[in-house]
Amino acid sequence: MKYGYAILFFLFLLSNAVKGQPPEIIYPATVVYEGYYDDRSWGPLNLGFNFTFYGNIYNRFYVTSNGLVVFGSGSNDYTEDPIPFTSSPNNFIAAFWDDIVINPSGKILYTTIGASPNRKCIIQWTNMGFYASTVLMGTFSVILYEGSNNIQVQYRSIIDHTSARSHGSSASIGIENSNGTSGVQYSYHNSTAISSEQAILFHPSGSTYIMNSSAVYDGVYLTKNINLPEPGIPKLVNPANNCIIGTSQTFEWTSSSNASYYTLKISTNSDISGSFDYNTGTSTTYDISDLALNTTYYWAVFATNSTGTTWSEIYRFTTSASPPLSAVPQTIWTDQDEESVIRLQYNGGDESTKTAGIITLPSQGSLYQYNKGTKGSQITSLPSTLTDPDLNLIYVADGAAGNGAGNFRFYIHDNTGDSPAATITINVSPPGIPNFLLAAKSGNIEIQFDKPMDDPTGKEDQFIVTVNGTSVIISAVSLKPGDPYSIIVTLNTPLTGSETVLISYTQGDVKSESGGLLPSFVDQPVNFILQTVSFTALPVMTYGDPPVSLIATASSGLPVTFTSSNSSVATISGNVLTANSTGTADITAMQSGNGTYAPARYIRTLNVNQADQTITFPAPGTKTYGDPDFNLIATTSSGLIVSYASDNPAVATISGATVHITGAGTAVITASQTGNNLYYSAIDVTANLTVNKADQTITFGALVPRTYGDPDFNVPASASSSLNITFTSENTNVAVITGGLIHIVNAGTTIIKASQSGNQNYNPAPDVTQTLTINKAVQVITFPAIAPVVYGVASFNAGASSTSGLTVTYSSDNTSVAEIIKGKINIRNAGSSNITASQAGDNNFSPAEDKMVNITVTKAHLTITADNKSKPYLSANPALTFTCSGLVYGETVAVLDTPPLTSTAASADSPAGDYVITISGGDDNCYDITYVAGTMTITMIPQTITFTSYPDKLLVTETFELVASATSGLPVSFESKEPEVARVNGSVLTGLSRGNANIRAYQQGNQNYYAAEDEITVEVVSTHENIMYLFTPNNDGFNDVWEIPELDSYGKCEVKVYNRWGKLVFSSTEYHNEWDGTSNGVGLPSAAYYFIIKSETAGTVTGTVNIVR
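This note's numbering numbers the first residue of the sequence shown as 57 and each following residue consecutively.
Treat the hints with care, since some could be wrong.
[To be verified] Straight-line distance between alpha carbons at most 20 Å, and here's what the computed PhoX-like set of lysine-lysine pairs gives: (1) Lys907 to Lys878; (2) Lys1108 to Lys1150; (3) Lys515 to Lys536; (4) Lys1119 to Lys1150; (5) Lys880 to Lys907; (6) Lys679 to Lys749; (7) Lys1009 to Lys1033; (8) Lys1150 to Lys1112; (9) Lys410 to Lys428.
These are computed hints drawn from the structure, not numbers from a lab.
Using the sequences and the accompanying hints, generate a full structural model.
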């Protein structure tokens, strides 16, 4: 029985609060197997309590190297099956069933912790790999919970981000009953099934289980050496996974508890094989500056101590000459009500100052600005820019717990713009529930737990102690000095040491330091002897202090060992403590106990403060403006780099340690060192820099003689200072200075003086003078040939010019042809003349040589056009005239030497048409004449048609000779516009049917007369006058119906017709001359028929009408 408790008493000894991973309690455990192994099963191993799985109760289990926990019997099967599957193996928990192996640095462990009825059995696979593969898989565990029979599978770290197999592509994960007929499968061959820090919970529900794939990670870890457990997980921070960086990079990761040293591994292989390894000691940063461009790398960090090695995940990054600005995501674990300082990270961008902006707030908890290590103002509005130049902020977990409860997003900004946003993932753990580990006695009772406990003072009534079966009085409960993991139960009557002692607790308000309530436990035996550790107080250390020796003893006389909770601050070798950095670390003096004595410890807090530093700054001396850049040589006692500032950038600016003189004067140079996490800032040291003005000289060579008209030119002078020179001219009538150039005004001589008056950096230079001579310019006349001109051209400039720009004068040797008036050529006649151009010169130009050209004047072109005329046929001719086009200088036809004559062949009785008007006979010495004939147009005249004989009425078949005449005497023709009523043949008109016909008489005209016409209307009536009493309905188109003449005059007529026997053969109440001699559609025979007409206006008319066929 004592052996069982000897295992338990080690479990409480270390609390790991690394923020890059879930908070963990480390427990000592039994090693099932350590080192490389493939395809083996171990067991049966004791659970420590009864556990129900698919309705069956088990207290033992088997564990396999292929990721299975099996009940009933073991299995070496490495070929995963889907779940459920009836073939063996069955009755298992598949945490990660695949052909995996124990890595040479790996092991399988198990233990049971806690007190009945709240124990849990933990089975852990550490540093697993894959068979015949260099790919690293990681560390995972199965936890079996007493009472609830819950099963949790959780993955502490999955190493290779790029390996689908590491994340489940060839694995089965789930649980299966004893015959393979029922099971719950989480995944089968899913390449994204699992990730680091994921937990999967299987909760019994009737005959099956409810699965929660996002369960809260249970922070437990098993080790073979509780005195020095394996290091915690180093979480990679920068460069982030899949980011782009330059060829130089500071690699950064989180510190690992218990790490003796770190190994940074960088490789071009995704499984980190063939890596370049860098031992960084206890430093969590490392600078590398020789990465190859445009290359994909993979990196990891291994944390190592004498107990073992812990792997980080593997991240990928790519190098680029111009890496884009990127914000680095991070994952942080914290406990409720804890404050965490978070430094936002970035990669790439330019060299300008970086700022960070918060763009989302956490759903739980609060963000604060960072103010020199303390909380500043709360961040409540968005977006919000961080005020700390190092991009720190503070997260307070004052909200609910949960994975991702504190998540927020941010971006980084520099002169290249804003980076894409990144997420800070903050997982908040609920208050830890403490587990009973063991109890010991020595007069009083000590209870040890796996978590730091809150002060239980005044809660003694929640504990029960029985001594030899009798309940005894508890006078007080309190925390053990130096050991918050232990509670001392003080008895009213001290124990002597030989009694049988049991202790129980009924859940009340005793809780862990983080707030988790202590569960009930019943009749736990108090078997061990209590011991105490005396631990001499630690000195307050300063960075750089020499190592110190730790002094501690155990009341048992057993040896004491020492550990540091933060190896980046302090490491311990034996009993020698070395301060590595500033900060705090819990230094634990431990006695691990044995089969008789319970373990004991005493925890003291070590504070390592920053060291002071001083600056030594030699004076820079006196300088002269124009001196080259020089370096400042201040040093610090810390060896840190000194920064410099000039209070007068008009005198000197500073880049790094290099001073660049910008002007004469004085400047105060301040040397500063702001310190770092190891050193306080140094007191600034100043030195005066004096910069004197520099001398300067003017170089001004002799001036070359110039000629009037030369362009403005630079003065060939310069100052040794490079300052601008000013010039003056003694004789501004010869030359002036404009915009720094000499501008020639006239020929002659002048003195040019060069001056430089100096400035704040240079003294004035001595003046220098030179003589400038300006000679007269030669001028040349350009006189282009004058093209022949036509008489009539306006006066014009001859077109000569001089290179001097002076006015040119002209003369003519034949003024009867061309005369010069006011400098222009005026034409007087056709012919030719020589024109001479001259320029006499002036003060600045010599006379020019004359130039002569000949001018020819040709006759003007005159067009004389006979004017067009017209007259009506048979009228007299109008007078003939003409028009001149081309007369110049306002001249009229009267100037012509011989005027022209006009004529035409047309006469008064010439037929209508066009006749030519000719013109000829004119002449002149200044005009060439062209004649254009005109046209005499004789127009047609109108004629009139008059009917002289025509009928107003005409009987059908009757004819009539039409007569009409034209005033032109031309013959007249006739036509009928209604040929179906009346027809015209020649001049004979014939009636064809009743109706009106319009008869047209027309004459089509000829070349002298226009066409003309006249029109009359003729009414065609019946063929005989007695149509009312006879008609011939034989369908020949004549008299086929009975017509009552002038029927319209009768008004409305009612007609009835009877045969000779008195039978009614036709009737109409309103007759319209429509009866065709039928009765009921049958033609009546030729005969006489009696009719009665009752008219509206003429009364009753009776009579006989004959039908003749």
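Structure versus earlier hints, numbers of those that do not hold, lowest first: Of the numbered hints given earlier, the structure breaks none, since each of them holds.
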